[in-house]
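Enquirer: Protein chains in written order, with my numbering: chain L, 1 to 248; chain G, 1 to 329.
It should be emphasised that the hints constitute simulated quantities derived from the structure, not laboratory data.
Source: prediction; values computed, not measured.
Using N, Cα and C, we set each Cβ at its ideal position, and we do this for glycine too.
Incorrect hints may appear among the rest.
To be verified - Pair by pair, the computed Cβ-Cβ distance ranges are: (1) G:Ala-140 to L:Leu-195: 57 to 63 angstroms; (2) G:Gln-255 to L:Gly-138: 28 to 34 angstroms; (3) G:Gln-213 to L:Lys-182: 56 to 62 angstroms.
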Amino acid sequence: MNILQLKDVTLDLGGKRILNHLSLDVREGHIHALIGPNGAGKSTTANVIMGLSGYNDFEGDVLFQGESLRGLSVDQRARRGITLAWQEPARFEGLSVRAFIRAAAKDKSDDKIREALDQVGLEPGKYIDRAVDKTLSGGERKRVELASILAMEPKLVLMDEPDSGIDVEALDRIFQALKIFKQKQATVLAITHSLAVLRQAEHALLLCCGRMVDKGSVDRIAYYFEKKCVPCDHLDPVVRLAEDANVG
Amino acid sequence: MSDSGLLAALYESIGVQPHGLRGQVDVARIEVHHNRVLGVHLVPGLEVDATERENGIEAKILVTEGTLIEKPIQVCFGMIPPDGLQQIVLEVEIEPRARAAIVAHCVFPNARQIRHEMDAMLTIGEGAQYAYLERHIHGADGGVVVVPRSKVQVGEGARYQTDFELIRGRVGEIDIDLEVTGQAHSVSEVTARISGAGDDRVSIRETARLVGQYARGVLTSNIALRDSARAVVYNTLVASAAYARGHVDCKEIVQDNAVAKAVPIVEVNHPKAHVTHEAAIGSVNSKQLETLMSRGLNEDQAVDLIIQGLLGGPSSIAAPESSLREIQV
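Model the full assembly from the supplied sequences, consistent with the hints where possible.
Expert: What follows is the structure in structure tokens.
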């Protein structure tokens, strides 16, 4: 069953077409990777689904559990079970990790907050009273954000470039969090251009120039991405596919 | 009202049971209502000489050389009636290598037309540490004019931390003027956290002069304004010795028709000194807002949480069990 569907979504920003008749389906309880080169429209796709400001004037529709998200604010979408982990999480001057996680948490007890920190590999005693500000590294802030999402217990997690700006240990923790989401039957749509992240997924969706180019098994898409997309200088996917057909 | 009634009313305003606090013999206290000294409890090494004046008190607080007072001294200055003038003249001396913290509650829960003036002279001796939290609790209607004036001398290797907090009740009018002079290897950290609403007026004028080698100083102002409140912040940091380091940081969140102005002035008079400044004024950051909204908070809840962070949680100075924290610059 599909938890999320994008139907023929087209979005122009600054006079440029970013999403071009994009349609995609996301299966409930599965981990998906939306992969593509820089500028493919991956983050824009996540922003449209979350309903961020500046991303609501599009054609087509976005359905969550069969119902259109049109007209719903960010918080209304969140209360339906959708959330977004930013590529670069915001800093909050003076706001404690405890208050930040508690704001999102379904169960607001201290035990739950500590458990969430533990799940992302941050020692609760060391982090719970720290501020979510510049005193935390980018990787630490990413893990704190993930802890808040774990505590929120959403149905659909949009993760924008989960591996950007973090070290190997932190990445391992993020991959473990993906497993926790899976155990809790949450759906994940990870936005990435990293093969390491792609390998964590069960399904892969390949995006280029705002269009869905291909979808299917992780191995097949990973192979295509590595061989065709990485060396590609943003060649229009229609031309690319035509070239491939000619070669074939 | 009797002294004990006034005392109970003051403490009730800050959510403290007076007998609970009075039961703690190792916590020093000074309690003042208008011009009456309601209570003084001392601990070894702490001397207080208080004199009642027509509209307030004059007090000298001395922490003798080498004395380490582990628990913050609890001070309560306040007025229960809605009108009046309270003038506090304070002289604080922390002798060399002594250590103390003061948590001062300035309580005006029923204010309609109250003026609270504070003139303080502070001397922090060589190698001493002193932290001061001034927490104001006002009523919901403003009606208070707060005028604190302080001059602070921070001795060689000494540490000074002050935190002015007005986040409960309406500001009314506040006009802070503080000047701190730091000698060699001293550390000075000055913070103001104020939330203004209605027609509140906030004026902050803080100056740090780093006159000794390796002196360090930070001036921080975090202000949130809504309705038609106005704030102006003049932070001046002057570094005039080798390896002196300073930073001025002003953040103001403005909503509705509020107006904020920040004027950071940095002056360096020595080629080996270094001073930086940072000011950010504006509405709530949209990324912060949308992050919290994507966790299910509505816009108002998200704004409140962001402002709560900016204005900070309880200061570490206030924790009754805490000793003076190390000042990080």
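Enquirer: Quick check: which numbered hints come out false for this structure?
Expert: As far as the earlier hints go, not one is violated by this structure.
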